[in-house]
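Engineer: Sequence:
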Amino acid sequence: MKETREKPDWVNRFDRPQGTEIKHINGRWYLYERLSVYNPETKKKKKKSGKLLGTITSEGFIPKRERLPDCGIEGIVNLEYGASAFLYQRAEQMAKRLEPLFPGIWKEILALAIIKCKDNAPFKRVSYHYETSYLSHILGRLDLGASTITSLLKKTGTDRDAITTYMRQDIAGKERIILFDGHRILSSSYTMEYAQLGYDSRMRYLPQINLMYLFSVDDCTRMPLFYKQFAGSVPDCIAFTDIVRDADLKKEKVTVIGDKGFASEDNFDLLLASGLPYIIPLKRGSLEIRAEIPETPERYAKVFTCRERSIYCQEYFREGYNVFLYYDMALANDETNDAVLRLNKRNAVIHAKVERAQRRKEKGHIRLSNEELKNLTPVDVADVLQERKELGTFMLKTTRTDLNCSQVYMLYKTRQEIEQSFKAYDNTLDSSASYMRDHYSFEAWLFINHLALQLLYDSLDLIARSQKTSQYSFDDLMAHLRGVRINKIDNTWMLTKITKKTTAMCESIGIVLPKP
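Residue numbers for the sequence shown follow the numbering used here, so the first one is 1 and each next one is one higher.
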């Protein structure tokens, strides 16, 4: 006997359209099409159920969700959009400058720089990131496979003239504060002539290349301008002379700021001959200041504050340049503490050696002579500190005679931006070591990193101008924007839903993504 089930009231109340039927399946009520099909054998019409139309519930009728048509890969495409579109928009001027300098390969160079910036991808994964991003639609079909990139790097790296021309365009015609610094990049290649043994800031005696960099820093922007590679055995002070000539710095537009490594007579002669104004720190004990260092802060001529620290200054005017002696009380306190710790540690070592020598002497085992024991004399910490009047001081030599001591000090302190730049170079771009096998490939690798670093700092400046630096980092920016994706359905591009957090970030920073 066929089992029957009583329909609930909400099913009975449902206004069933003509040509449909209601079915009860596994505890649920569904609405199906009802067709009438002619049977030629019985010469009668027979009922036949059609496709499912939806579900009937106590809340009402729920239509069946329609599936998208099976269009294949050409019909439906899903790509990363936000980060690619943002960086490509920011790189508009970069693209215009690359095209005449690198005809035929400028799109590949731009794509590599953008992917390096947003994804920090090694070359073997560049093709994947390109094909799954909106860049592949903007720049068209590019072959970025591993073998193609190898030949591309060699072609780019052999044209140092084009690279130099591109970088000089960032310097020409603009009044800038130029900061110099060197950076060591480890290399695992034994075939690169510049990969030579040398010490870096971490005291690693490994094959490395000395990368000399020029940065521009002011109140509004921070930008890497120019680089040049040197052998790892070449110190910064020697490389300085070469890069000044190569960058074609103009005296009326540039003020050079270096560190103590540049304070050599040859570099000063070069700067003097070129007419480049400079601010260079001098080493302690320099003969530039023959007068005694003031014994107390009160004897300094001037005092000002910088970042909530009191800075005392003594001025020495020379013909064509000035020398400023600064005393930082906080720095003096730190250096004094360090000196006390070192001297006490030295005295403890001396005491231990004397005690061991005396015990051996009592047993008849004499290893140290009386003269050697006499030399093992602890120092008086207080007396040593009295003689070190230079604690907490440093000197700046400058030909910018139009600037006073506080202005020169503030400009020099902008060198801290270089440290942040190299942190971005090593960490964000992961460029602290290279696996390139020849000089020209390495040159191209450096140039792509340079372009990526320019895009990175352009983004950081955008965040800084919106005063959102404490809230968003560059990694935050890229993480949010990479989540903005785009679909192509039947030749129509449509953005996916953007999260509220991403929308809020874009509005607060002032980012307006271009329409696809």
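Derived from the structure by calculation, the hints contain no laboratory data. Certain hints may be false.
Here are the simulated lysine to any residue pairs, SDA-like style, with alpha carbons at most 20 angstroms apart [claimed, not checked]: (1) Lys413 - Glu335; (2) Lys154 - Lys413; (3) Lys7 - Gly54; (4) Lys389 - His439; (5) Lys7 - Glu33; (6) Lys413 - Gly392; (7) Lys389 - Ser310; (8) Lys228 - Ala146; (9) Lys283 - Leu391; (10) Lys413 - Cys313.
Engineer: Are the hints correct? Go through all of them and say.
Structural biologist: Comparing the hints with the structure gives:
| no. | hint | in the structure |
| --- | --- | --- |
| 1 | Lys413 - Glu335 | holds, 19 angstroms |
| 2 | Lys154 - Lys413 | violated, 39 angstroms |
| 3 | Lys7 - Gly54 | holds, 17 angstroms |
| 4 | Lys389 - His439 | violated, 48 angstroms |
| 5 | Lys7 - Glu33 | holds, 19 angstroms |
| 6 | Lys413 - Gly392 | holds, 16 angstroms |
| 7 | Lys389 - Ser310 | holds, 18 angstroms |
| 8 | Lys228 - Ala146 | violated, 26 angstroms |
| 9 | Lys283 - Leu391 | holds, 13 angstroms |
| 10 | Lys413 - Cys313 | holds, 15 angstroms |
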